[in-house]
Every structure is written in structure tokens, then in C-alpha cells.
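J.: All chains should be modelled from the sequences, with the hints used to inform the complete structure.
Protein chains: 2
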Amino acid sequence: MNQIIIQKYGGSSVANTERIQHVTSHIIEQKKKGFSPVVVVSAMGDSTDHLIELAKSITPNPSSREMDMLLSTGEQISISLLAMAIESKGYKAISLTGYQCGIQTDPIYSKAKINEINTERIMAEINADKIVIVAGFQGINSNGDITTLGRGGSDTTAVALAVALNAELCEIYTDVKGIYTADPRVVKDAALMQSISYDEMLELAKLGAKVMHPRSVELARKNNMKLVVRSSFELDHHGTIIKEVKQMEKAQVRGVTLDDNIVRLTVSNVPDKPGIAYKMFSALAAQNVHIDMIIQNLNHDDLNDISFTIPKDELYNVKPTIDAFVQEVNASELLIRTDVAKLSIVGTGITSDATIASGLFGALYQLGINIEMISTSEIKISCIIDEKQANEALSEIHNFFQLNKVL
Amino acid sequence: MNQIIIQKYGGSSVANTERIQHVTSHIIEQKKKGFSPVVVVSAMGDSTDHLIELAKSITPNPSSREMDMLLSTGEQISISLLAMAIESKGYKAISLTGYQCGIQTDPIYSKAKINEINTERIMAEINADKIVIVAGFQGINSNGDITTLGRGGSDTTAVALAVALNAELCEIYTDVKGIYTADPRVVKDAALMQSISYDEMLELAKLGAKVMHPRSVELARKNNMKLVVRSSFELDHHGTIIKEVKQMEKAQVRGVTLDDNIVRLTVSNVPDKPGIAYKMFSALAAQNVHIDMIIQNLNHDDLNDISFTIPKDELYNVKPTIDAFVQEVNASELLIRTDVAKLSIVGTGITSDATIASGLFGALYQLGINIEMISTSEIKISCIIDEKQANEALSEIHNFFQLNKVL
Chain A
1 MNQIIIQKYG
11 GSSVANTERI
21 QHVTSHIIEQ
31 KKKGFSPVVV
41 VSAMGDSTDH
51 LIELAKSITP
61 NPSSREMDML
71 LSTGEQISIS
81 LLAMAIESKG
91 YKAISLTGYQ
101 CGIQTDPIYS
111 KAKINEINTE
121 RIMAEINADK
131 IVIVAGFQGI
141 NSNGDITTLG
151 RGGSDTTAVA
161 LAVALNAELC
171 EIYTDVKGIY
181 TADPRVVKDA
191 ALMQSISYDE
201 MLELAKLGAK
211 VMHPRSVELA
221 RKNNMKLVVR
231 SSFELDHHGT
241 IIKEVKQMEK
251 AQVRGVTLDD
261 NIVRLTVSNV
271 PDKPGIAYKM
281 FSALAAQNVH
291 IDMIIQNLNH
301 DDLNDISFTI
311 PKDELYNVKP
321 TIDAFVQEVN
331 ASELLIRTDV
341 AKLSIVGTGI
351 TSDATIASGL
361 FGALYQLGIN
371 IEMISTSEIK
381 ISCIIDEKQA
391 NEALSEIHNF
401 FQLNKVL
Chain B
1 MNQIIIQKYG
11 GSSVANTERI
21 QHVTSHIIEQ
31 KKKGFSPVVV
41 VSAMGDSTDH
51 LIELAKSITP
61 NPSSREMDML
71 LSTGEQISIS
81 LLAMAIESKG
91 YKAISLTGYQ
101 CGIQTDPIYS
111 KAKINEINTE
121 RIMAEINADK
131 IVIVAGFQGI
141 NSNGDITTLG
151 RGGSDTTAVA
161 LAVALNAELC
171 EIYTDVKGIY
181 TADPRVVKDA
191 ALMQSISYDE
201 MLELAKLGAK
211 VMHPRSVELA
221 RKNNMKLVVR
231 SSFELDHHGT
241 IIKEVKQMEK
251 AQVRGVTLDD
261 NIVRLTVSNV
271 PDKPGIAYKM
281 FSALAAQNVH
291 IDMIIQNLNH
301 DDLNDISFTI
311 PKDELYNVKP
321 TIDAFVQEVN
331 ASELLIRTDV
341 AKLSIVGTGI
351 TSDATIASGL
361 FGALYQLGIN
371 IEMISTSEIK
381 ISCIIDEKQA
391 NEALSEIHNF
401 FQLNKVL
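Respectively, the protein sequence lines represent chains A and B.
With the working numbering applied, the first sequence corresponds to residues 1 to 407, in that order.
With the working numbering applied, the second sequence corresponds to residues 1 to 407, in that order.
Bear in mind the hints are in silico, worked out from the structure with no lab data behind them.
Think of the CB as a built atom: it goes at the ideal place given N, C-alpha and C, for glycine as much as any other residue.
Keep in mind that the hints are not guaranteed to be accurate.
To be verified - If the Cβ cut is set under 10 Å, some of the chain A residues that face chain B in the computed set are:
(1) 74
(2) 83
(3) 143
To be verified - When the alpha-carbon atoms are kept at most 20 Å apart in a straight line, the in silico SDA-like pairs for lysine to any residue are as follows:
(4) 89(B) x 63(A)
(5) 273(A) x 305(A)
(6) 89(B) x 191(A)
(7) 31(B) x 90(B)
(8) 246(B) x 195(B)
(9) 56(B) x 19(A)
(10) 113(B) x 150(B)
(11) 56(A) x 90(B)
(12) 89(A) x 113(B)
(13) 56(B) x 88(A)
(14) 92(B) x 144(A)
(15) 92(B) x 63(A)
(16) 92(A) x 64(B)
(17) 113(B) x 31(B)
(18) 89(B) x 53(A)
(19) 405(A) x 113(A)
(20) 111(B) x 313(B)
(21) 113(A) x 287(A)
(22) 111(A) x 213(A)
(23) 56(A) x 17(B)
(24) 206(B) x 222(B)
(25) 56(B) x 22(A)
(26) 33(A) x 3(A)
(27) 89(B) x 57(A)
(28) 92(B) x 60(A)
(29) 312(A) x 283(A)
(30) 388(B) x 405(B)
(31) 89(A) x 59(B)
(32) 56(A) x 195(B)
(33) 32(B) x 91(B)
(34) 113(A) x 221(A)
(35) 92(A) x 143(B)
(36) 405(A) x 183(A)
(37) 92(A) x 3(A)
(38) 89(A) x 60(B)
(39) 92(B) x 89(A)
T.: Structure, rendered in C-alpha cells:
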């Protein structure tokens with residue numbers, strides 16, 4: 001049997017007739033080379049946004065079941081058009097919705113997780129020599145209802161299919177050339193990476209690099225599925241390979257990221273008694289809030305200041321819980337700073353090389369930038385800094401670690 | 001259990017947010033009255049045309065499987081929006097696609113026929129007190145692929161569901177008030193009928209009345225399901241009831257129709273030998289051409305003229321077959337007249353009352369209109385006349401039979 005490769009095309013890659021024809025030629029090339037392409041497609045361009053607008057024009061709070069029913073049509077449109085385009089070139093193709101290609105999910109509408117993929121139908125179509133076009137982002141729950149996979153959904157479909165079909169490779173086509181050492185819109189000499197490890201990619205994605213959603217990278221890592229991120233617009237670039245990379249002798253900074261979807265909260269003058277911080281953070285955990293950094297400073301008179309960061313878009317939901325806590329434990333106040341950003345450097349083993357951390361802190365000091373919080377893991381060092389200085393810091397740190405020379 | 005009523009809303013009835021909200025109120029009224037509404041919806045306004053354009057921008061000849069995949073999204077969008085609208089008013093609703101509500105069809109894409117409906121899911125939702133919103137026009141074949149039902153598809157979905165669910169009534173909501181004695185755009189004093197028999201409705205639909213497709217009327221007749229055709233825009237009108245009507249003592253003309261999608265073909269000077277006409281008509285039948293009227297005139301010297309009518313849009317497909325026949329039997333030529341129209345009067349038993357036919361022919365004669373062909377059945381009399389005089393003839397015949405006085 002031919003080797004299966006998965007190709008996933010994002011919305012911008014199938015945004016109009018011209019883009020669909022362009023992508024069609026590329027898919028057929030793979031077929032001619034003897035591969036069996038299985039293609040995962042997102043909804044065309046901004047069609048999902050239009051569907052959301054349509055729903056909002058009916059009601060501000062549509063139920064998530066009906067939203068999934070609505071939004072899943074976006075991918076159903078693009079798969080049928082792509083299949084038509086391939087057929088018109090004389091190749092056999094078939095489009096399959098989430099349920100037709102056996103993508104079984106849990107019952108959580110709008111952010112479903114894939115439970116399993118029954119590959120029977122897809123395999124039959126591959127064996128019938130067809131190019132299979134799969135609707136990304138969608139599945140079906142045990143009730144027979146359409147679910148969508150939430151953010152990064154189509155990438156997740158692609159990786160999950162690659163694993164289930166034992167594919168050679170999973171290619172993620174997007175509108176950028178691959179993974180850069182920093183956001184190229186901010187850092188002019190950011191370099192395209194040839195390859196990156198799963199762990200590093202995962203950190204970059206979590207820390208603000210928007211090309212890949214952490215979820216699909218995690219799934220690829222767990223199953224050791226080789227990913228390639230590349231541009232459908234510039235096919236002469238081979239993009240970035242994401243794969244298992246053996247630890248190099250020398251720890252090396254691979255990329256710099258900036259995340260400004262962050263808010264710093266400080267609860268001041270909390271009595272220093274055991275279990276008090278636990279109380280607040282478990283209340284927040286119950287709300288599924290992703291708490292990032294935590295710092296506790298012993299103040300004076302047995303009073304603590306507890307600072308932590310959360311995503312900016314969760315502030316609205318979280319504030320009542322924290323206000324209640326402030327009252328309950330008799331803390332003095334809740335301070336909220338939204339004008340902060342998180343600057344991070346990522347690279348396997350970088351925290352084991354003390355010169356890297358001290359280099360980072362020194363460079364920020366030279367720029368006159370105050371570091372408000374620090375957190376580290378084996379693979380990254382993050383600093384909370386003033387949002388106004390963030391872009392300048394990003395460029396300087398990129399420069400300091402000479403990332404423009406990375407290949 | 002509450003009585004089930006089926007309501008079908010055409011594309012113009014759900015064309016935008018405002019129309020959807022309007023329809024929502026009407027559905028909820030039925031629910032409040034104690035009925036269990038099951039609502040069948042078409043795609044919004046002209047969205048199906050947009051999808052067809054999109055496909056044509058990819059390829060002039062898309063495969064029918066992929067077209068069905070594409071077009072079925074139109075109804076999926078409208079059902080989810082309608083369900084959201086109902087939920088936003090505080091009522092329970094659920095949208096179901098063709099496959100979710102168990103509409104099993106044959107495998108013929110783009111003009112599938114319903115084989116059976118597995119009502120398990122719908123019944124469960126009705127019993128859970130939900131207003132069920134069903135995507136019209138679509139089903140699923142035994143392969144798990146989406147099929148569409150072709151012209152009149154959503155009406156057929158509605159009637160088939162009404163039968164399967166043993167509904168009280170099937171209401172067809174459209175943008176006209178009901179069934180008229182003639183096309184009200186042509187005949188200014190055309191009257192709205194309170195009721196009409198299945199047979200009469202069937203003839204009217206076949207002969208050019210566009211409100212109902214014959215297919216769904218036939219299904220309703222076969223199962224004695226009461227249909228109501230009414231306007232979703234003017235809900236104070238009760239529309240027209242289509243039901244089994246006992247034959248009245250006196251035969252009566254119920255409606256007048258005009259069909260200009262017709263072409264008259266004449267093969268002249270065909271040798272008058274047995275089996276020759278059969279040869280041509282069986283070749284046409286093999287092409288699934290709907291041949292309507294046939295006249296054979298013995299000419300002279302044992303030569304025949306054979307005239308017949310077919311739908312205008314089939315001329316292109318059919319012409320090579322007839323040309324071949326003309327050559328084969330050594331006929332002299334094929335004459336094609338596209339400037340004709342078929343005027344028909346419809347009413348149960350009208351051909352058994354000779355005064356009706358003679359009244360029709362006399363009235364046309366008074367107008368100086370030449371009748372080129374005539375065909376009759378128990379329930380209708382059709383005449384082929386010159387297209388230029390057709391609208392005038394329609395009004396005059398409507399007037400002659402005093403149909404403006406019909407209630």
C-alpha cells in the first residue's frame with residue numbers, strides 16, 4: 001500500500017476559488033509521487049466568523065449544541081469544493097464529514113475531545129485509490145450529534161488522523177513559512193527554524209506563538225508523529241519540522257515569545273496562615289482558570305502579598321471569586337494590572353546553563369526594564385514586564401541570543 | 001401524547017433574522033396550543049443558489065455526490081438558527097439533519113427518493129417536550145453519504161415525516177396565500193381556493209402551478225395526509241386545504257394553468273409502417289424524456305406527420321436522438337416550435353360534461369386563437385396554443401368559467 005500523508009490546510013489556504021485550485025495542484029503532486037494523501041480542511045477564510053455573526057443576530061447566547069451544528073457547515077462546504085476541484089482534474093476524490101470518517105468525541109459541545117477514530121471508511125476510500133478530504137474541527141458524540149473541537153481543532157483532527165492511520169507525516173499548511181525564532185511581525189530579522197523539538201514547540205505555542213495550538217503538538221509528541229509546518233502560499237519553502245530531537249550538548253535558546261493576553265493580580269495583606277493560599281487557588285481551579293505564575297511575598301506583621309497571573313480574557317469570570325476570598329480572609333485589597341506582558345525564552349535545557357538566565361536578566365536590566373515576576377521550567381524562562389516595553393524587549397533579547405543566525 | 005403537526009417553511013420564510021423570528025413566534029403559538037410541532041426548513045432565501053455558484057466557480061460539472069454534500073449545508077444552517085431562535089424564547093428545541101432524523105434514501109444523488117424514516121430519534125425528542133427542527137431536502141443513503149431529494153425536496157420531507165409520525169396535519173408555509181384558480185400574477189381576479197382535492201392539485205402542479213411539487217402531493221394522496229398551503233407572511237389567511245374530496249354532482253372547472261416550458265416537435269413524412277412511431281418513442285423513453293402529447297396525421301402517399309411535445313429544457317438532450325431517427329426512417333424533416341404554450345383547465349370529472357370542453361374550445365375560437373393540439377384526461381383538458389396569445393387566453397378562460405367567484 002502507498003504511504004499515507006496527512007495534509008491540513010487552514011482557512012486562508014482555501015479562502016477562495018483560486019486558493020482551492022492552487023492547493024488542488026499541490027495535493028495531486030503528492031498523489032503522483034505515489035503517496036495516498038488524506039487532506040484535512042478548515043472552513044474557507046473568515047466564513048466561520050460570518051456564521052458566528054449570523055448566530056449572534058438571532059440570540060446573544062446560542063446553545064453550544066446548535067452552534068456546533070451551525071459552525072460545522074463551514075468545513076462541510078470547503079471539503080466538498082476541494083473534492084470537486086480534485087475530481088475536475090481527473091483524480092478520484094471523496095469528501096467526508098467528521099461523522100463519516102468516524103471521529104468519535106466526548107459529549108462536550110464547542111470543545112470536544114476526540115475519543116477514538118474508526119478508520120474503516122477512510123481506509124476503504126484510500127484503498128479505492130481516492131484522495132480523501134476530511135472536514136477538520138468536527139466530530140460526532142455517542143448521541144449522533146455534531147460536536148466541534150474548539151481552538152486548534154483542525155490541527156488536532158489532522159494529527160489524530162495521522163496517528164490513527166499510521167501516516168508517514170502530518171503537514172500543517174498555513175499562511176506563514178513555518179516556526180520563527182520570534183514573531184516576524186515584531187522582530188524583523190526573526191529566522192525560520194528548520195526543525196524544533198516537540199517540547200520546545202509546545203512551550204512556544206503555550207507562550208504565545210500562534211501558528212500551532214499546543215493541543216495538537218501534544219498529541220503529536222505523545223505519538224511521536226512527525227509534523228511539518230509550512231506555507232501553502234510559498235511552496236518552495238519546506239517549512240519547519242517538529243519532531244523528537246536528541247538533547248544537544250550545549251543548551252541553546254531556540255525562540256523568544258511574547259504573550260500580552262495576561263493580567264497580573266495581587267491580593268495584598270493576606271494573613272500568613274497555612275492553607276490560605278490553597279483555599280483561593282483551589283476555588284480558581286474549580287473554575288478551570290489557568291493560573292500561570294504565583295509569587296508570595298512575606299510582607300510584615302505576618303501578612304503576605306500573593307501575586308499571580310491569569311489570561312486576560314478570564315478576568316471577568318474570576319473576579320467575583322477573588323473578591324469573595326479577599327473579604328473572607330480579611331485581606332486589604334485586590335490589585336489588578338492589565339498593562340503587563342510575558343516575555344519568554346525557550347530551549348531545551350536552558351535553565352541548566354546559568355549563563356543563559358543571567359544573560360536574559362542582564363539584557364533586560366541594560367534596557368532599563370523592570371522584571372516583575374519570573375518563572376522557569378526545564379525548557380523556558382518567563383518574565384512579566386511592562387507591556388509598553390515588550391516589543392522593544394523582544395527584539396533586543398532576540399538579538400542578544402543571536403537568534404537571527406539560527407537555521 | 002400531544003398531537004403532532006408538521007410545519008414546513010420555504011426559503012423565503014426563513015430568508016433573514018427577522019423572518020426567522022417571525023416564524024419562531026408562530027411555531028411557539030402552536031406549541032402553546034398543545035401541539036407538538038415538528039418543523040421542516042429549507043435553506044435561507046437564495047443561499048442554495050450561492051452554493052451552486054460557488055461550485056460552478058470550481059468546475060462546470062461537479063459530481064452529484066459532492067454537490068449534495070455542499071447543498072445540504074444550506075438547510076443545516078437554517079435549522080440551527082431556527083432552533084437557537086426558539087431556545088432564546090425559553091422553549092426547548094433541537095435541530096436534526098437528514099441523517100439524524102433517520103431519513104433513509106436510495107443511492108441516487110441530487111434526486112434521491114426516501115426509502116424509509118426511522119422515527120426513533122425524533123420521537124425521543126418530541127417526548128422530551130422539544131420542538132424538533134428538521135433539515136428539509138436531505139437524507140442519507142445506505143453508505144452513510146448525504147443525499148438530496150431534488151426539486152420539491154423539502155415539501156417531500158415534510159409530507160413523508162407527517163406520514164411516518166402519523167401527524168394530524170402537514171402545513172406548507174410559503175410566500176403566497178395558497179392555491180389560486182390561476183396564476184394571480186397573470187390573472188388579476190384569480191381567486192384563492194379554500195380547498196382542493198389531491199387529484200386536482202396534482203394536475204395543477206403538473207400543468208404549471210408552481211406552489212407545490214407534484215411529488216409531495218402524490219405522497220400525501222397515497223397516504224391520505226391532509227395538506228394546508230398557506231403564507232408565512234400573512235398568517236391571518238388560512239390558506240388552501242388539500243384533501244380527499246368526494247366527487248360533486250356537477251363537474252366543475254377548478255383552475256386554469258399555463259405552462260410555457262414546452263416545445264412542439266414535428267417529424268414530417270414518416271413512412272406509415274407498423275412499429276415506426278414505437279421505435280422513436282422507445283428511444284426517447286430510454287432517455288427518460290417526458291413526452292406529453294402525441295398526434296399522428298396521415299398525410300398522403302402513406303406518409304405520416306408525427307407531432308409531440310416535450311419540456312423545453314430537454315430539447316438539447318433529445319435532438320440528436322430524433323435527428324438520427326429522421327435519417328434512419330427517411331423522414332423529410334424535423335420541425336421545432338418553441339413559441340407554444342400549454343393552456344389547461346382542471347377539475348374532477350370535467351371531461352364527462354361535454355359542455356365544458358365545447359365551452360373551452362368556443363371561447364378560444366372567439367379569441368381567434370388556433371388550437372394546435374389537444375389532450376384530455378378525466379380531470380383536465382389541455383390545448384397547445386401560440387405563446388404570444390397565452391396570457392390573454394388564460395385570463396379569458398378564467399373569466400369564461402367564472403373562476404373569480406370560486407371560494
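J.: Would the hint linking residue 56(B) and residue 88(A) be met if the CA-CA limit is 20 Å?
T.: 11 Å, holds
J.: Just to be careful, I want the Cα atoms of residue 111(B) and residue 313(B) compared with a cutoff of 20 Å; is the pair within it?
T.: Within the cut-off at roughly 17 Å; holds.
J.: Hinted pair, alpha-carbon criterion (20 Å max): residue 56(A), residue 90(B). Please report holds or violated.
T.: Since the Cα atoms of residue 56(A) and residue 90(B) sit roughly 16 Å apart, the hinted pair holds (cutoff 20 Å).
J.: Can the restraint linking residue 388(B) and residue 405(B) be considered satisfied, given a maximum Cα separation of 20 Å?
T.: 27 Å, violated
J.: Between the alpha carbons of residue 206(B) and residue 222(B), is the straight-line distance 20 Å or under?
T.: 17 Å, holds
J.: Holds or violated: are the alpha carbons of residue 89(A) and residue 113(B) at most 20 Å from each other?
T.: With Cα atoms ~30 Å apart, residue 89(A) and residue 113(B) exceed 20 Å; violated.
J.: Does the alpha-carbon distance linking residue 113(A) and residue 221(A) stay inside the 20 Å limit?
T.: The hint holds at about 17 Å.
J.: With a cut-off of 20 Å on the C-alpha distance, tell me whether residue 56(A) and residue 195(B) pass.
T.: 41 Å, violated
J.: For the pair we were handed, residue 113(B) and residue 150(B), check the Cα-Cα distance against 20 Å.
T.: 9 Å, holds
J.: Between residue 56(A) and residue 17(B), is the straight-line Cα distance small enough, at 20 Å or below?
T.: 10 Å, holds
J.: Taking 10 Å as the limit, does the beta-carbon of residue 143(A) come near enough to a beta-carbon in chain B?
T.: Nearest chain B Cβ about 9 Å off; hint holds.
J.: Does residue 195(B) lie within 20 Å of residue 246(B) when you go C-alpha to C-alpha?
T.: 12 Å, holds
Hints 6, 12, 17, 19, 30, 32 and 39 from the list above are not met by this structure, while the remaining hints are.
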